[in-house]
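J.: In the order they appear, the protein sequences are chains A and B.
FYI, the numbering for the first sequence is 123 to 320, going by the numbering used here.
FYI, the numbering for the second sequence is 263 to 648, going by the numbering used here.
Possibly wrong hints are sitting among the right ones.
Derived lysine to aspartate or glutamate pairs resembling EDC-like cross-links, with alpha carbons at most 16 Å apart [unchecked claim]:
hint : chain 1 : residue 1 : chain 2 : residue 2
1    : B       : 448       : B       : 592
2    : B       : 595       : A       : 173
3    : A       : 200       : B       : 564
The hints are simulated quantities; they were obtained by calculation from the structure and are not laboratory data.
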Amino acid sequence: MASKEIQLDHEVILDLIKPQSTVLDLGCGNGDLLYLLIKERNARVQGIEIDEQAIYKCVAKGLNVFHGDVDSGLTEFKDKSFDYVVLNQSLQQILHVDKVLIDALRVGKKVIVGFPNFAHYKSRVQMFFRGRTPVTGALPYQWYDTPNLHFLSISDFKNYCRLKKINVERSVCIGQARRIPFLPNLFAQTGIFLISKE
Amino acid sequence: MNKENKIIQNNSAGIVKAQVFTFDTLKLESGERFGPVSLAYETYGVLNKDKSNAILITHALSGDAHAAGVHEGEDNPGWWNEFIGPQKAFDTDKYFVICSNILGGCKGSTGPSSINPKTTKPYALDFPLITINDIVNAQKRLVDHLGIEKLLAVVGGSMGGQQVLSWLVNYPQSLRSVVPIATTIKHSPQQIAFNEVGRQAIMADAHWKSGNYYDGPVPSKGLAVARMIGHITYMSDKSMAEKFGRAKKDVGETFKFTADFEVEGYLRYRGDNFVKRFDANSYLYITKAMDNFDASGGRRLEEILQGTKVKVLVISFKSDWLYPAYQSKEIVKACKLSGVETTYCEIDSTYGHDAFLLEVEEETHLLKHFLKKIFYAYEVTGDYGV
């Protein structure tokens with residue numbers, strides 16, 4: 123890639139997606155992931171993004187993107203419209219997580235979810251010893267300016283999938299620069315899950 | 263520096279000339295055969311060898327074929343001059359841009375003020391009730407006449423956007439992309455209501471005389487009021503407050519109901535100016551065509567669009583309350599459901615409906631990149647991390 127190295131989370135998601143797939147990215151931001159998916163996987167992609175300036179960046183990349191919020195963006199799609207629906211670093215900012223996830227599993231044959239792990243040891247240390255809301259690499263915001271509405275751990279999400287009878291096909295947990303296979307709920311900053319419902 | 267040089271330095275389309283294309287008959291949606299039909303049109307840029315770079319611009323209610331550049335000896339730039347020219351959104355170094363005055367108009371194309379060859383008098387109300395699809399069918403004839411099989415894009419705002427949707431529904435095989443801007447699949451009761459007040463103002467003018475005013479004074483008061491109502495709906499509360507506030511003009515008149523607020527003076531000026539360049543009967547016919555338009559013809563738009571390969575860019579504006587964003591989202595929804603490749607952007611503007619003429623920077627960015635993608639027929643542009 124010319125001007126920027128591939129982010130680790132993007133690399134992981136790329137690995138999860140089969141070539142020639144159709145992908146909907148909910149909260150696609152500047153479109154970096156979608157751009158990669160076209161280049162590396164020859165995917166047919168569509169983004170949804172709420173930020174107008176990010177839309178302009180997507181359009182400059184030649185991407186198809188809808189200006190709108192994730193909470194209402196899915197309802198108008200037919201069942202199984204896409205091979206994959208991606209919610210990378212957007213799940214924690216959605217108002218009605220449960221509703222959106224169920225709809226994502228309806229619209230996509232598979233869903234990929236990536237979120238910051240609230241139970242990372244650095245967060246735990248800050249909570250335990252300082253009694254303060256954690257501020258870490260994966261959760262870089264102060265309590266008063268965070269866009270995150272939900273704080274969940276990798277274990278929380280696994281538990282959620284069990285409860286809702288959602289299949290976890292694969293999970294990859296990562297730190298800043300590498301994959302964390304060992305005790306991920308303690309050592310991983312980000313959890314990435316490939317899930318489906320059949 | 264003489265004026266001509268100055269214009270060319272400002273990336274203008276330069277000196278342009280209107281042309282006229284005439285054909286014998288047009289079968290109207292009503293079944294009636296009408297003719298002869300003349301369409302006034304202008305072109306900018308050069309049609310390439312394989313005729314793959316042609317873009318049709320469709321104008322709004324009061325627009326005309328003069329979309330860019332200036333006419334010889336005049337200094338009126340076209341109505342979308344900021345968008346059409348070298349290096350602009352519609353880059354005339356690359357693309358061949360066409361704009362024609364609509365059927366029913368009064369700026370060179372056949373309309374109610376044209377001479378009826380059978381009576382050698384203006385048609386007036388003998389002119390048939392036309393539809394947006396009729397307008398587009400006439401445009402298709404012009405495009406055929408120019409030898410263009412497939413347009414790169416059809417682009418227009420407001421009523422121009424209605425024509426864009428009509429093209430998308432009726433001639434998908436003749437298009438590679440469409441850009442409907444600040445428009446709707448069909449008018450809401452509110453939009454019809456505003457148009458009806460405008461029509462009533464014209465018809466209430468004693469000079470209107472059931473449309474037969476061409477040999478005497480024109481219904482200028484009525485048409486001016488219609489235009490004033492129009493202008494109110496084209497602006498937003500905020501843009502009016504910013505432009506005029508409650509500032510008063512010093513008119514030095516003693517009449518009690520003189521136009522002393524600046525906004526009043528502005529509306530009167532706009533109204534009076536419009537009368538000089540627009541025909542009242544055209545206003546009646548065109549607004550009626552807009553009100554009657556339903557892009558999907560009573561069916562579901564997503565069913566009609568199913569399987570189309572045309573790429574779509576939909577643009578709306580936050581403060582536009584005449585063609586609110588929810589109407590553009592209806593278009594987007596149909597595209598979503600039919601699996602049409604679509605991009606949608608709601609531009610944060612305070613200009614109201616007029617924004618489609620004024621938000622040059624944002625629209626240019628969207629149009630430029632979108633057209634580039636269509637023209638070069640590749641998926642992704644730019645460097646990673648743009």
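J.: Work down the list of hints and note, for each, if the structure agrees.
T.: Outcome of the hint check:
1. 448/B / 592/B: With a Cα-Cα distance of about 10 Å, the restraint between residue 448/B and residue 592/B holds, given a limit of 16 Å.
2. 595/B / 173/A: This hinted pair is violated, its Cα atoms lying about 19 Å apart.
3. 200/A / 564/B: 12 Å, holds
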